[in-house]
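Q: Sequence:
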Amino acid sequence: MQIAVWQIVLITVIAFFYRVDRLGTQVCNYNAVLYSWIVGLILGDGMTGLIIGASVQLMSLGVAALAGSSVPDYPLAGMVGTAVCVMTGQDEGVGLAVGIAVGTLAVQLDVIAKTLNVFMAHKQLAYGQAGEYEKMKRVTFIGPLLFGLTDALPMLVVLAFGGDVVNAILSVVPAWFTKGLSLAGGLLPVIGMGALLTYMPAKQYFSFLAIGFVLSAYLGLSILPVAILGGAAAYEVYKSLIAKSANESALANEEGLEDE
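Per the numbering used here, the sequence shown runs over residues 1 to 260.
Because the hints were derived from the structure by calculation, they are not lab data. Wrong hints could be hidden among the right ones.
[To be verified] As a list, the in silico DSS-like pairs of lysine-lysine whose alpha-carbon atoms are at most 27 Å apart:
no.	residue 1	residue 2
1	K135	K114
2	K203	K239
3	K123	K137
4	K137	K203
5	K114	K137
6	K135	K123
Between the sequences and the hints, there should be enough to build the whole structure, so can you do that?
A: This is the structure we're talking about:
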């Protein structure tokens with residue numbers, strides 16, 4: 001698929017906005033599903049964007065950059081994976097594998113941006129101490145520009161050269177390697193789901209987990225009806241806990257009155 005110049009420009013701007021928003025305004029923050037879906041819509045295939053974005057979102061759960069560390073750029077991976085799938089016609093597994101590779105390589109750009117930002121901060125401090133506040137404010141905007149480019153540049157390269165380049169590479173890559181990429185892409189969301197379950201009280205509510213698995217795997221229900229049933233079950237559990245708490249409070253009050 002050949003994409004138009006306006007699509008390249010618009011998606012590159014979105015990638016730039018994502019990074020600046022994530023570190024600043026945080027309107028959409030780290031929402032890989034949203035950004036992948038938008039990229040898919042721009043390229044004419046929103047469903048592929050949703051599938052890849054949801055898979056990447058699962059992989060990113062519980063992953064955070066702490067104390068200045070850098071982690072794979074998962075929303076960028078989702079956007080790149082969506083673009084690769086739509087442009088080349090490959091399946092979602094290949095798109096995920098390529099996207100995660102680009103998101104991991106973006107860590108190096110993140111490190112470079114953070115390093116350069118240190119020099120910008122010292123420059124700001126020097127201008128502030130000298131009373132040159134206009135220069136200090138101008139230097140302030142260099143930081144967001146640097147971080148925005150860490151996502152915009154990889155996205156631009158993939159969009160400008162990705163379709164032909166990826167197809168050319170895939171044409172000479174052995175079939176077993178491409179199959180391996182698809183299998184790896186399929187396993188990555190499972191790993192993300194496993195990581196998510198470690199943070200959830202799965203042992204306490206294992207019966208609900210088993211019911212959801214049966215509804216999805218054996219009865220073939222889609223995510224929406226399973227989610228609705230899960231929400232209904234969660235509401236009933238919530239009401240039960242509220243009633244139990246009210247009964248315990250009433251019992252405690254009665255015991256207190258008897259003691260008096």
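Q: Straight-line Cα separation of K114 and K137 no greater than 27 Å?
A: holds, 19 Å
Q: Quick one, are K123 and K137 close enough, alpha carbons at most 27 Å?
A: It holds: about 11 Å lies between the C-alpha atoms, which stays within 27 Å.
Q: Is the hinted pair K135 and K123 satisfied, with a Cα-Cα distance of at most 27 Å?
A: Holds, at roughly 9 Å.
Q: Would the pair K135 and K114 pass a check requiring their Cα atoms to be no farther apart than 27 Å?
A: With a Cα-Cα distance of about 21 Å, the restraint between K135 and K114 holds, given a limit of 27 Å.
Q: Hey, K203 versus K239, does the alpha-carbon distance stay inside 27 Å?
A: Measuring from Cα to Cα gives roughly 21 Å; hence the hint holds.
Q: Do the alpha carbons of K137 and K203 lie within 27 Å of each other, as the hint requires?
A: violated, 53 Å
When each numbered hint is compared with the structure, a violation occurs for hint 4 only.
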